[in-house]
Amino acid sequence: MTAMLELKGLEVRYGSVPAVRALNLLIEQGEIVGLIGPNGAGKSTTLHAIMGLVPAHAGEIRLRAKSIRGRAPEAVARSGVALVPEGRRIYANLTVAENLQLGLAARRSENGADLEQDLAWVHELFPIVSEFAQRAAGSLSGGQQQQLAIARALVARPDVLLLDEPSLGLAPQLVDVVFQALAKIRERGVTVLLVEQRAQRTVAFADRTHILANGELTTTLSPANADDTERMIAAYLGART
Amino acid sequence: MTTIQTLIDATALGSVYALMAVGIGLVFGVLRLVNFAYGQLIMAGAYTLALTNGWTPIASIVLCFAVVIGLTMTMEVVAFRPLRNASPAAMLVATFAISFLLQSIALLKFGALGKPVATLTGLNRPIADGALIVRWIWIVAILVAAFTLGALLLLLNRTSLGLHMRAAAADFRTARLLGVRANRVISGAVLLSGVLAAAVAVIITAEQPFVTSDFALRDTIIVLVGVVVGGIDRLWSATLGGFAMGFVTGALGGFLPSTGDWPFTSSVYLDSAVFVLVILVLLVRPGGLFVSRGQRVVERV
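Residue numbers (this note's numbering), protein chains in the order written: chain A, 28 to 268; chain B, 818 to 1118.
No wet-lab data here; the hints were simulated from the structure.
For each residue, glycine too, the CB sits at the ideal point set by N, CA and C.
Treat the hints with care, as some may be off.
Which bits of chain A does chain B cover? Going by a derived footprint, with three or more residues having C-beta under 8 Å, they are [claimed, not checked]:
| id | stretch |
| --- | --- |
| 1 | 97–108 |
| 2 | 116–125 |
Taking beta-carbon pairs under 7 Å as the criterion, some of the chain A residues facing chain B (in silico) [as the list claims (entries may be wrong)]:
| id | residue |
| --- | --- |
| 3 | P65 |
| 4 | G67 |
| 5 | L129 |
| 6 | A132 |
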């Protein structure tokens, strides 16, 4: 096992208000790690700090043991980290195919992966991407837009996939579609950091899930804890276990 | 006959303004920056042509492009880049400062009297004698505008740099998250705007072969208004807005009576008439003349 992504003593502040404090997280290659917690706990901030969207006030962010702290978002993306942002952020006025093509911007040419093969895999994973290729992405439903957002991140063939609440605002059967896709992404060996509000579902799915409250990691849960709602609720409220 | 004459004049002016609108709109798209100093880029190009009067036209024009592009890129590196995360108001004020700075430099260096440009004066001649006066330069202006807009459309729709520019204009943060290189896209847009400014300098000096330090200043203000009237959020609506302002200015200049007592002469109340129209348009369609109301994308869940 090799460490793919490592956060060490990460601290992020908005002005003088700390949003994330002394956060340590080590994700190994191929691991699926969940990050859950109440609103405002610092989950999205953690992802934004990894991507270089917000500056890290202190601590270290390492990708394959190499520091990526302070890099511009496009440089982080080009070194193999893809973020599926909250709210999907697809380009409504561009076609589905154009949205997908944008994902290729971060693709690294040196790793010798076969583009055709990767595209075929993404199209198989999300058939709507080829079905509606020439449609304006804004005309897709919310669930389809989410699939497009994940597909767009995957065509870059990232080593690490960060997802910010991919099931937000989706109907239950569409949440199933998203988690089924995540299962296939896991089979492919992509390392995943999944930020979610659907706590139980995330705990059951991820290899391990951390609870983030008030900017600090408080609890770690394994899939076996998925039905332990009491412990989850206590951790949400700030208890450490 | 005079009606047709006026419409030809107006179309030619509209074409030149459309080019300027594209130059301003491209930079606004990626930087959210209204470049008030755009006119001074054109002025710099015009002075370059004036100072190289003895050269062969081709060499003169090549140097004009080089100077304007160099100045544009300098502006990008020295002024726009450090202010990239500043508020839009700060950036606008900065471009005002650059605009006045360049005008003052031109005034000090080249004097208040102005300089004649002889590069393409031949193009200012009418194509044929007759009641209808069609000057070569108008044909050139319309063709250059059509060709440039066509080429730009191809670049934006068919190349990956174009796709990256469109994405950056719509949502820069997400574009960067996807690996789109911010500096490359911004430099590309600024460079293109410089190329357009140089082309406009060549065209305008052929029509008005006399360069002063406030050269193209009034045109820039009218185009900026046109860009806002058309809808600054989209390149094509901004371009149409620029064309419309040029066309309306040209048409009103021709149709309004040019004789009579003060204040009823066209040269005096032309600007007033144009801006009354602008106010009316913005009252009715604050989002822009060419942005349809239903264009807000409704998110469906």
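These are the hints, each one checked on the structure:
Counting residues of the stretch 97–108 of chain A whose CB lies closer than 8 Å to any CB of chain B gives 5, which reaches the minimum of 3, so the coverage claim holds. Counting residues of the stretch 116–125 of chain A whose C-beta sits closer than 8 Å to any C-beta of chain B gives 6, which meets the bar of three, so the coverage hint holds. Using the Cβ-Cβ criterion of 7 Å, the hint placing A:P65 at the interface with chain B is not satisfied: the shortest such distance is roughly 23 Å. At a threshold of 7 Å, the smallest CB-CB gap from A:G67 to chain B is about 21 Å, leaving the interface hint violated.
Interface hint status for A:L129: upheld, as the beta-carbon distance to the closest one in chain B is roughly 5 Å, under 7 Å. Because the closest C-beta pair between A:A132 and chain B is about 4 Å apart, less than 7 Å, the hint holds.
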